[in-house]
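Construct the entire structure; sequences and hints are all you get.
Listed below are the residues making up each chain.
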Amino acid sequence: MNLPIYLDFQATTPVDQRVLDAMLPYFSATFGNAASRSHSFGWAAEEAVGRARKQIADLIGASPKEIVFTSGSTEGINLALKGAAEMYAAKGKHIITTQVEHKAVLDTCKRLEQEGYEVTYLKPDKTGRVSAEVVEEALRDDTILVALLWASNEIGTINPVREIGKLCHERGVLLFTDATQAVGKLPVDVESDNIDLLCLSAHKIYGPKGVGALFVRRRNPRVRLVAQMDGGGHERGMRSGTLNVPGIVGLGAACNICQEDFQKDLDHGRGLRDRFEKQIFEALDHVYINGDPENRLPQASNISFAYVEGESLIMGFADIAVSSGSACTSASLEPSHVLRACDVGDELAHSSIRFSFGRLTSAEEVDHAAAQVIEAVKRLRELSPLYEMVQEGIDLSTINWSGH
Amino acid sequence: MAYSDKVLDHYNQPRNVGSLDKKKTSVGTGVVGAPECGDVMKLQIEVEGDMIMDAKFKTFGCGSAIASSSLATEWIKGKTIDEAMQIQNTEIVEELSLPPVKIHCSVLAEDAIKSAIADYKSKQPKNQDSEPQGEAR
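Chains as they are written, first to last, in my numbering: chain B, 1 to 404; chain P, 1 to 137.
For the record, the hints were derived by calculation from the structure and aren't laboratory data. For clarity, every value in this text was computed on a predicted model and none was experimentally measured. Hints are not guaranteed to be accurate.
Ranges of calculated distance between the beta carbons of each label pair, as one might list FRET restraints [said to hold, decoys possible]:
#: 1; chain 1: B; residue 1: Gln372; chain 2: P; residue 2: Lys121; range: 38 to 48 Å
#: 2; chain 1: B; residue 1: Leu24; chain 2: P; residue 2: Ile103; range: 46 to 56 Å
#: 3; chain 1: B; residue 1: Glu392; chain 2: P; residue 2: Met51; range: 45 to 55 Å
#: 4; chain 1: P; residue 1: Asp5; chain 2: B; residue 2: Ile399; range: 44 to 54 Å
#: 5; chain 1: P; residue 1: Gln13; chain 2: B; residue 2: Glu163; range: 48 to 58 Å
#: 6; chain 1: P; residue 1: Gln13; chain 2: B; residue 2: Gln391; range: 15 to 25 Å
#: 7; chain 1: P; residue 1: Met51; chain 2: B; residue 2: Gln391; range: 48 to 58 Å
#: 8; chain 1: P; residue 1: Lys24; chain 2: B; residue 2: Leu284; range: 29 to 39 Å
#: 9; chain 1: P; residue 1: Gln13; chain 2: B; residue 2: Trp401; range: 22 to 32 Å
#: 10; chain 1: B; residue 1: Pro64; chain 2: P; residue 2: Asp5; range: 53 to 63 Å
#: 11; chain 1: B; residue 1: Leu24; chain 2: P; residue 2: Asp5; range: 36 to 46 Å
#: 12; chain 1: P; residue 1: Glu48; chain 2: B; residue 2: Asp274; range: 49 to 59 Å
#: 13; chain 1: P; residue 1: Thr90; chain 2: B; residue 2: Asp343; range: 47 to 57 Å
#: 14; chain 1: B; residue 1: Asp367; chain 2: P; residue 2: Gln124; range: 52 to 62 Å
Note that CB positions come from ideal geometry on N, CA and C, so glycine has one too.
This is the structure we're talking about:
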């Protein structure tokens, strides 16, 4: 077992060896520009890009012509939201999204607000889920787009995308979904899931960083976007810029592996997650799972350890790499906006840790990590005035705290 | 975020963790911060005469908050109440090399000291409370 143990696969994943092997020739031997039409170097690159386009399309049930390469999900989100808003502004200027989106969506929406669009930010239920009913209530005649997170990067909660997509289609509204965490981990089919725009990113699925794709529906309805970057008119005019051929080949290979190993990866991740949670829950009291226990990503676990603060907890796990919903790990002092939207309570938000289990994580690593988490929580609870008060039978909500 | 060696040292081996009997008149207890802000410090002192003989703490908070309160107990032990009142948060910042985003941890530790002293004073009979400063000449 190598230390430290990486349990932050929702932040990023290592490049799979098979992916790397597929990419390497395209850095040097086959280095052509996929847009060069006049020689074999360009043709070889174009052929590789075409293969990757098909691999990606196959994974999500799209046609290769519906795939636009990007630098990752942040770009995909910006292109989808700004591009659709601009294209359909004459139809309406209302956009619906949720409070649990990634910052890339929230900040893009804020920008659109500054430009005269109106955005409704739907509040999820306590598990982080947004229902079709809530979306339906927010729909208006001038709504042009719904932007919905498929699976939460923080708490893993899965939204009912198919139902919401159906609703959107009935109402003639486009559905964009940020599927960065869903692709490769959940069955995704843009047809039966009623999706018009979808972004994904290679580095979350054992591909390289800096490359992703945006699915743009071509029929029923045909979705059009205003390009956000001017240049050579690549990607059917939607995204100019010389294609990142090795990256794209890597994304294609990563998608292909996700498709082939789908069930294996799923069973492996879920098995480890359950194994981890079982040990934690057997050893500790006052521990809570954040997100929807039924509808959440199978290889992810977001846990609040009440009465200990997340950052101090992470300091206690010398051998584990994880991230926290606590404010203290970021530059701001605000706890996670996602947990806040779920009304988890700032106190429990400060105590939350996100664990995720990957393709190469072993049971031995999980057991080691669980033991270290349990030990650190116990040690910090010895130090915690809150835990002491609770042991004495004091109800913390009755105390008049001196906030600062 | 990288922590200074001193923060790590206090985090790994916190000094004076524990509780004193808060019912005793010789014990002052300060509880500052709030759970929803991500830090709560409980700092207690046991006083004999005007000397702080013992100090204990428990802290819910980040590593810097734990280190700040641990350091505070270390510093006030053996000091007089007046000397302890002089401790400034900036001294804690300097000692632990806290980054700007963690300065509030040191402020909280200073508040905890003052709050414990105030609690101790409030428990003392009024006539004994006449500190040297106001003595008749």
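What hints, given by number in increasing order, does this structure fail? Hints 3, 4, 7, 13 are the ones this structure does not satisfy, whereas the remaining hints hold.
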